[in-house]
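Sequences and hints are given; from them, build the entire structure.
Residue-level listing of the chains:
Protein chains: 2
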Amino acid sequence: MKKQPIGVFDSGLGGLTILNALRRELPKEDLIYFGDTANVPYGSKSKEAVTRFSLAIARFLESQHVKLIIVACNTASAQALTELRKQISVPVMGVIEPGAEKAVSTTRNGRIAVLGTEGTIRSNAYPKAILKRAPKMRVTQQACALFVPLVEENWGKKPAAKLIAQTYLTPIQQSGADTVILGCTHYPILKPVISQILGKRVTLVDSADTLAEAARRFLLQSGQACSTGKGRVQVYASDDPTRFKRLAGYLLADKIGAVRLKKLDL
Amino acid sequence: MKKQPIGVFDSGLGGLTILNALRRELPKEDLIYFGDTANVPYGSKSKEAVTRFSLAIARFLESQHVKLIIVACNTASAQALTELRKQISVPVMGVIEPGAEKAVSTTRNGRIAVLGTEGTIRSNAYPKAILKRAPKMRVTQQACALFVPLVEENWGKKPAAKLIAQTYLTPIQQSGADTVILGCTHYPILKPVISQILGKRVTLVDSADTLAEAARRFLLQSGQACSTGKGRVQVYASDDPTRFKRLAGYLLADKIGAVRLKKLDL
Chain U
1 MKKQPIGVFD
11 SGLGGLTILN
21 ALRRELPKED
31 LIYFGDTANV
41 PYGSKSKEAV
51 TRFSLAIARF
61 LESQHVKLII
71 VACNTASAQA
81 LTELRKQISV
91 PVMGVIEPGA
101 EKAVSTTRNG
111 RIAVLGTEGT
121 IRSNAYPKAI
131 LKRAPKMRVT
141 QQACALFVPL
151 VEENWGKKPA
161 AKLIAQTYLT
171 PIQQSGADTV
181 ILGCTHYPIL
191 KPVISQILGK
201 RVTLVDSADT
211 LAEAARRFLL
221 QSGQACSTGK
231 GRVQVYASDD
241 PTRFKRLAGY
251 LLADKIGAVR
261 LKKLDL
Chain R
267 MKKQPIGVFD
277 SGLGGLTILN
287 ALRRELPKED
297 LIYFGDTANV
307 PYGSKSKEAV
317 TRFSLAIARF
327 LESQHVKLII
337 VACNTASAQA
347 LTELRKQISV
357 PVMGVIEPGA
367 EKAVSTTRNG
377 RIAVLGTEGT
387 IRSNAYPKAI
397 LKRAPKMRVT
407 QQACALFVPL
417 VEENWGKKPA
427 AKLIAQTYLT
437 PIQQSGADTV
447 ILGCTHYPIL
457 KPVISQILGK
467 RVTLVDSADT
477 LAEAARRFLL
487 QSGQACSTGK
497 GRVQVYASDD
507 PTRFKRLAGY
517 LLADKIGAVR
527 LKKLDL
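Residue numbers (the working numbering), protein chains in the order written: chain U, 1 to 266; chain R, 267 to 532.
In case anyone wonders, no lab produced these hints; they're calculated from the structure.
Among the hints, erroneous ones may be present.
Quick list of simulated restraints, FRET-style, between CB atoms [stated by the list, open to error]: (1) U:Ala258 with R:Arg467: 48 to 54 Å; (2) U:Gln196 with R:Lys496: 42 to 48 Å; (3) R:Arg526 with U:Gln196: 42 to 48 Å; (4) U:Lys132 with R:Lys394: 53 to 59 Å; (5) R:Tyr516 with U:Thr106: 36 to 42 Å; (6) U:Arg108 with R:Arg467: 56 to 62 Å; (7) U:Lys132 with R:Gln440: 51 to 57 Å.
Cβ atoms here follow ideal geometry from the backbone N, Cα and C, with glycine treated the same way.
What follows is the structure, encoded as structure tokens:
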């Protein structure tokens with residue numbers, strides 16, 4: 001049991017930021033990462049489509065005998081988690097709950113803002129998770145459709161990034177939130193420009209570290225943690241791995257090695 | 267034979283600009299539009315994936331007894347046309363050839379620039395089509411990954427659009443091109459900001475009108491034109507039609523009526 005890998009998936013490359021956190025937190029675990037580059041992005045697609053893609057990936061990860069599946073994608077966590085837990089036999093963890101938990105424990109003025117894709121925002125998954133923990137919180141949401149392409153174009157440091165971020169963040173500034181959830185795995189790449197606009201008094205919450213801690217706790221508590229050796233990482237993509245390898249450089253300092261092509265059965 | 271519809275497809279909504287031109291040019295023809303909103307965008311995906319999506323759509327259109335298939339998507343025209351023509355029994359027209367033809371007949375100084383998605387630019391389909399017609403032309407290409415999300419966010423008139431366009435267009439200005447192909451169906455929506463940057467001496471070529479003319483000629487020459495009645499338009503999308511309907515408003519002044527969901531067999 002202890003030698004089984006952990007499966008991690010995302011709509012594309014963004015989840016590599018989560019993979020990174022897992023490698024730091026759980027260096028002895030084998031990890032399998034799946035990036036659904038044939039169907040990316042999930043953020044602008046329907047709940048039905050996102051659920052169909054997510055189930056196909058989870059079934060592939062199950063076939064690889066994973067002991068735990070981590071949904072690194074915020075949109076898939078927001079829209080497909082319930083269905084995944086119904087249909088998949090291994091435990092499934094998403095990024096919404098850890099992010100909400102961290103935001104609730106971070107805010108001092110009870111005002112939290114959420115930045116995410118269209119799908120994540122429309123699902124209201126973050127406000128629901130926050131209000132379940134702390135019913136008096138005030139939550140503001142903002143969909144930021146241009147952030148993902150901005151990161152994938154590697155334009156995070158260009159003037160256009162600042163102008164785009166300013167437009168999305170104006171309602172957040174007006175809300176008075178002191179804690180802002182970066183509710184998409186690509187957004188941590190834009191931390192410098194987001195921080196610059198929001199200022200030092202606003203804390204940016206990125207679920208990667210909280211999720212990795214939660215995964216470690218889960219494995220320890222369930223007696224499934226791997227205690228020896230150095231974990232290996234395998235990476236799969238559902239479309240041509242060439243572009244994946246190139247873009248991975250913007251998201252992950254560590255090298256990821258070979259990326260294998262695995263087409264999904266949809 | 268004459269009552270058969272024409273099939274038009276695109277990765278998503280962009281092809282509605284082509285549908286519009288076809289309705290103007292061929293008002294008596296029945297048209298079936300298919301937007302592959304479950305798999306959009308094609309621009310960042312591999313040739314293999316784009317071909318697979320395109321074949322599935324073309325087979326659906328064949329099942330609807332179309333007499334002609336028009337590939338409204340530049341990326342699919344650039345990457346999948348050869349394979350579509352091999353595997354599909356009805357004639358297939360793409361947008362690259364008409365666009366290249368129009369650019370060659372427009373330029374006065376022999377310098378043409380092409381703006382497109384990553385996939386279209388990487389395929390070199392436009393330079394090949396241009397140089398086949400006029401081997402002495404000088405062709406400059408520029409991938410503009412942020413243009414599609416910019417249009418879909420309806421930000422064409424915001425300052426960010428100008429800043430983004432300026433970044434992409436600087437090498438085009440340096441090339442001295444007097445003719446610029448808008449090599450993606452979304453880009454005509456950005457004509458105002460692109461024109462403002464490039465100035466009046468640069469002609470913007472959009473393949474919609476040329477393609478519609480070519481389709482009309484083809485139908486007349488092959489005796490397949492419909493000469494009576496008013497054409498009907500049917501619209502299908504491969505993912506939830508709600509978002510499609512909303513975004514269609516940015517791309518198409520005319521109303522498109524009901525949008526039906528049709529999942530693809532991939």
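A quick look at each hint next to the structure:
1. U:Ala258 with R:Arg467: 48 to 54 Å: holds (50 Å)
2. U:Gln196 with R:Lys496: 42 to 48 Å: With a Cβ separation near 56 Å, Gln196 of chain U and Lys496 of chain R fall outside 42 to 48 Å, so the hint is violated.
3. R:Arg526 with U:Gln196: 42 to 48 Å: Holds, since Arg526 of chain R and Gln196 of chain U (Cβ atoms, about 46 Å apart) stay within the stated range.
4. U:Lys132 with R:Lys394: 53 to 59 Å: Taking Cβ atoms as reference, Lys132 of chain U and Lys394 of chain R lie about 57 Å apart, which means the hint holds.
5. R:Tyr516 with U:Thr106: 36 to 42 Å: holds (38 Å)
6. U:Arg108 with R:Arg467: 56 to 62 Å: holds (58 Å)
7. U:Lys132 with R:Gln440: 51 to 57 Å: Given range 51 to 57 Å: holds, Cβ gap about 56 Å.
In this structure, the one hint that does not hold is number 2.
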